[in-house]
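Required output: the full structure, derived from the provided sequences and hints.
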Amino acid sequence: MRRIALVARHEVIETVRSRTYWIGLVITPVMFAIGLFVPSFLQRSFTPDRPVAIVDLSGNLAQPLREQIERRFARDRMATLYAHVRGFAKPDLRDAQGGLDPARVPLEFLRRSGDITDPDVDAFLAQGGVEAALDRARPLLRADAPPPTFDPQPFSLVDPPADLAAALRAGTGAELVRAYLSGERPLPPAAGAAGAAGSAGADQAGEGRTLYGVLVLPAGVGLVPAGEPVALGLGDGSRTAQLWTDAAPDEAVSDAVEGALARVLRRQALAAEASPELARRLAGLVTPFDTRLTSKADGASVTSRDVLEKNMPRVLSIALCFFLLGNLVILMTNTMEEKSNRIIEVLMSSITAQEMMTGKLLGASMVALLGVMFNVGTLMGVFFLASDGGFASFAQDLLSVLFGSPILLALLFYFIVGYFLFAGLFIAIGGLCETSKDVQSLSLPLQYFLILLPILIWTVANEPNGVAARVLSYIPYTSPIMMMARINADPGWFDLVATAVLQLVGIAATLWLSGRVFRAGALRTGKPPKLGELWGALRGQA
Amino acid sequence: MPIKNQAIITRGACVTDHLVELEGIEKRYGRFKAVNGVSMAVKPGEIFGFLGPNGAGKTTVIRILLDILQPDRGRRQVLGAESALSVGDRIGYLPEERGLYKAMTPVNAITYFARLKGMKAAHAKERARELLERYGLSAVADKPIKTFSKGMAQKVQVLSCVAHDPEVVILDEPFSGLDPVNQQVLEELICALRDAGRTVIFSTHVMQHAERLCDRVIMIGRGETRFLGTVDEARARLPRRLRLTTDSTASALPALPGLEKVAEADGHATYETRLAAQQSVQQILKQCLDSGVDLSGFTVIEPTLHDVFVDLVGEDARQARTAA
Chain A
509 MRRIALVARH EVIETVRSRT YWIGLVITPV MFAIGLFVPS FLQRSFTPDR
559 PVAIVDLSGN LAQPLREQIE RRFARDRMAT LYAHVRGFAK PDLRDAQGGL
609 DPARVPLEFL RRSGDITDPD VDAFLAQGGV EAALDRARPL LRADAPPPTF
659 DPQPFSLVDP PADLAAALRA GTGAELVRAY LSGERPLPPA AGAAGAAGSA
709 GADQAGEGRT LYGVLVLPAG VGLVPAGEPV ALGLGDGSRT AQLWTDAAPD
759 EAVSDAVEGA LARVLRRQAL AAEASPELAR RLAGLVTPFD TRLTSKADGA
809 SVTSRDVLEK NMPRVLSIAL CFFLLGNLVI LMTNTMEEKS NRIIEVLMSS
859 ITAQEMMTGK LLGASMVALL GVMFNVGTLM GVFFLASDGG FASFAQDLLS
909 VLFGSPILLA LLFYFIVGYF LFAGLFIAIG GLCETSKDVQ SLSLPLQYFL
959 ILLPILIWTV ANEPNGVAAR VLSYIPYTSP IMMMARINAD PGWFDLVATA
1009 VLQLVGIAAT LWLSGRVFRA GALRTGKPPK LGELWGALRG QA
Chain B
620 MPIKNQAIIT RGACVTDHLV ELEGIEKRYG RFKAVNGVSM AVKPGEIFGF
670 LGPNGAGKTT VIRILLDILQ PDRGRRQVLG AESALSVGDR IGYLPEERGL
720 YKAMTPVNAI TYFARLKGMK AAHAKERARE LLERYGLSAV ADKPIKTFSK
770 GMAQKVQVLS CVAHDPEVVI LDEPFSGLDP VNQQVLEELI CALRDAGRTV
820 IFSTHVMQHA ERLCDRVIMI GRGETRFLGT VDEARARLPR RLRLTTDSTA
870 SALPALPGLE KVAEADGHAT YETRLAAQQS VQQILKQCLD SGVDLSGFTV
920 IEPTLHDVFV DLVGEDARQA RTAA
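For the protein sequence lines, the chains are A and B, in the order given. So in the working numbering, spot 230 of the first sequence is number 738, and the numbers just go up one at a time. So in the working numbering, spot 161 of the second sequence is number 780, and the numbers just go up one at a time.
Calculated directly from the structure, the hints in this document are not laboratory data. Among the hints, a few may not be true.
[To be verified] Heads up, incomplete: computed chain B residues facing chain A, CB under 10 Å, no partners named: (1) A700; (2) L704; (3) L713; (4) G718; (5) K721; (6) A760; (7) F767.
Note that this is a predicted model, so its numbers are computed, not measured. From the three backbone atoms N, C-alpha and C, an ideal C-beta is built for every residue, glycine too.
As structure tokens, this is what we get:
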């Protein structure tokens, strides 16, 4: 036992002392943080200049379309502002679940993006836009609340250059469109200030800029019955709105334009066939809809926290697979290096192969566990910091799920169990090989298994207590990952205990068999053994 | 340093005057018989040489002796125990293929291996520093081994295997890869161990080391024992040779059994003949002088261990090379 402890201690100290270990440890949260924050930082810091010109040949769509796009941009700013208020509201304005208390906070600030209608936007703009809303929100915010950060608009609207508009009206503008979009012809100074002065969507100066897109609205553009050739993108284009760009457009631009145009056309059709009043009234209506869980005693609605609570184990089961794979590959490579360095033989003159393997496993598992705890801790730190920032409510829900359910405990338990289940196999492969090439080819099936397992688990975990999920829970090598994915779906005590027992039996059997293979392979030189020799080793003929 | 051999012998499971005993050891790898009926015994305090060409089975026998490998047949006993692992703290082992943790410092490496052999941490560290100082490595004691030359790393490994002051030291091809200076250092270390009452078993295929160091040797060829005894006994297996250099013709020489010309230069020819055990050198010299042979050289050549080795296992080595 003393020697096992010594080998384990050596494994821990030597790994933790190495620079590569710390680089590997820090890289995961760093990459996560980079993935989380850098894109939005870049988006905010380096706003692309994307002027889009509307050439309206129908004569009655340009202005309502501009207004609708303005609404779209304003709605995004409203949603950001309301999320900011939810994240930085004073504590005394919150209810027991941490949300805003409707009794103490104006309902305006409880809205989310999907709740904001066109009349809401119009009212918001009429009341003075963001500045006025911030004045209204200020009494609700904590003293240390930072100013809200708004995402930049994906594009801006500019008036079309006169020559371009004239050419398109004459049906000869294709060459000119190409010249403007490629930058061959820059926008003239006159091409700016589209829409109302001072509006957020309008651009104030056009000189020297390159046009990003040209939206051509032909005279015949309008709603068509679904299934007509023109609705399927066929026809001569005389009834189809066309967004011209130099390269494939950003979806944020095309979606915003298409969505705004559809709203405008529907409203115009409704106003023409019913009444403008009805069209205006319908634009301000939403459908109250709620999903409720029987598991909630008070019959409360499903919240974003509930959705997180359901999905988080699935996400973590995937993370578990990758945690396992990363750490097990390190263990296998280290073992291979010890074998090719001939250290194993020195060790085997002092301790048995089984003791050495156990010591290495214990040490490596401690190192791996340390790494997982460090990563989980750092990620939680990132969420904790974020809980006071831009995506506050998501981060708060996430932390609430992590601390309010057995999820973290399960992650640690299933990591340890999963590690020992697979570690014997990986260490045996490391003990059989002397070169990275041999290690790679021999471990490939196992590595593929751990890479493909999350895909299987993700699909099956849609029904966490279904037949497939339960079957996978009772197969030792899929059990830890499957049970991790099921942990918040109330799998029942029987499944929890029975699968844990099976996993432990699986560990014992795997370690016993891999111990034999390890002993046979450790002193072998040259190529890894053939299947027949492995079979002999398993039967104890080493 | 007190010698503990007597205590070992009496407290062991098997009362014997040998520290290490192998009897009828056999080991097969598939159809290949690597070791076939090897028996040997090593006495306390002696330096025992394990001699044989490459692939003769020396390493396999050593691994079996250390309980790293299991024999298919035969009996073994080390320090009174059937398994060397149960008395592993009293054995030091240097494998043929050297290996060290390259990121470790020599102090930490020696300390770690000594601790695996049962030493307390503080004592092991103190001992590591003492050994490094004694063998000229104190200046690099805290530098990573990956910065060392091969010879320095090998020295560290040898020190790792003796740091816990073992009663039996087993060295598998300890001289391979060492330069002549470090070979000399290692020879001195082995002699120092013997002087301290330790038992040393080492394998080699370089006979000069065995000749200078060993009290007794075993010669193995193709897994079988070809010789077991003292170095003198080994030498005695071959007859002495007489070398004559003369400018006379062969016909002028007295009739000597197996006389053959081995070299010729500047009008002088060199002849060699085997000397029978009872044959008198003085009598041959007298016969030559009486026959008027003009001798410019007259030398009696004693057989070396190398000669014995070539005679006993040279053919095995050649066959092994052909098979490979």
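(request) Would you pick out the hints that fail for this structure and give their numbers low to high? (result) 1, 6 and 7
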